[in-house]
Structures are given as structure tokens and as C-alpha cells.
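A.B. asks: Sequential numbering from 0 applies to the sequence shown in numbering that gives the first Met the number 0.
Derived by calculation from the structure, the hints in this document are not laboratory data. Note that the structure is predicted; figures quoted are calculated from it, not measured. Watch out, some of these pointers could steer you wrong.
Pairwise CB distance ranges (calculated) [unchecked claim]:
| id | residue 1 | residue 2 | range |
| --- | --- | --- | --- |
| 1 | P43 | H64 | 26 to 34 angstroms |
| 2 | R69 | S44 | 17 to 25 angstroms |
| 3 | G63 | P43 | 29 to 37 angstroms |
| 4 | R69 | P43 | 18 to 26 angstroms |
| 5 | T28 | Y65 | 15 to 23 angstroms |
| 6 | A26 | R67 | 16 to 24 angstroms |
| 7 | C71 | A36 | 17 to 25 angstroms |
Yeah, the Cβ is synthetic: ideal placement off N, Cα and C, and Gly gets one too.
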Amino acid sequence: MMRLLRPAGFAAAAAFFLLLSAETASAWTCTATSRYASGWGASPSRATASRIALGQCAVRTPRGHYCRIRSCR
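Whole structure, please, built from the sequences with the hints as guidance.
C.D. replies: What follows is the structure, encoded as C-alpha cells:
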């Protein structure tokens, strides 16, 4: 019985990792910049990737200056 479960377990693990790699292959990557700093973010969702990039840029930018999304691919 255990010999039958091992190949099934390996097949399930392989399918899981294949699914994860396919998801990250289709991820969005966004870049945000200001006059003083930049940031980037990656996510399967474009909105989330841009929000991460803006947050990374905002942390490094002095108060009173703004970050803008420069590219999303």
C-alpha cells in the first residue's frame, strides 16, 4: 500500500509546484519612482503590484513628495 502512495504523493507535489511556477510566470511587475527614490512590486494582480511598488517608493521618499507608477508589465 505504501508503495502505491509514494508515486501519487510525488505526482501531487509536482503538480503543486508546476501550478505555482505558472502563476508567478504570469505575474505583474510594477516600478514606481519619485525624484528621490524608487520601488517595485510583483503580484499576479496588477493593482496589488502597483500598490506594493508605490508603498516601497513612499517609504524611501521624503514627506511632501509623490511617487508615480512608471511601468507595469
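A.B. asks: Does each hint hold? Answer for all of them.
C.D. replies: Consistency of the hints with the structure:
no.: 1; hint: P43 x H64: 26 to 34 angstroms; result: holds (30 angstroms)
no.: 2; hint: R69 x S44: 17 to 25 angstroms; result: holds (18 angstroms)
no.: 3; hint: G63 x P43: 29 to 37 angstroms; result: holds (33 angstroms)
no.: 4; hint: R69 x P43: 18 to 26 angstroms; result: holds (20 angstroms)
no.: 5; hint: T28 x Y65: 15 to 23 angstroms; result: holds (21 angstroms)
no.: 6; hint: A26 x R67: 16 to 24 angstroms; result: holds (21 angstroms)
no.: 7; hint: C71 x A36: 17 to 25 angstroms; result: holds (18 angstroms)
Of the numbered hints given earlier, the model fails none.
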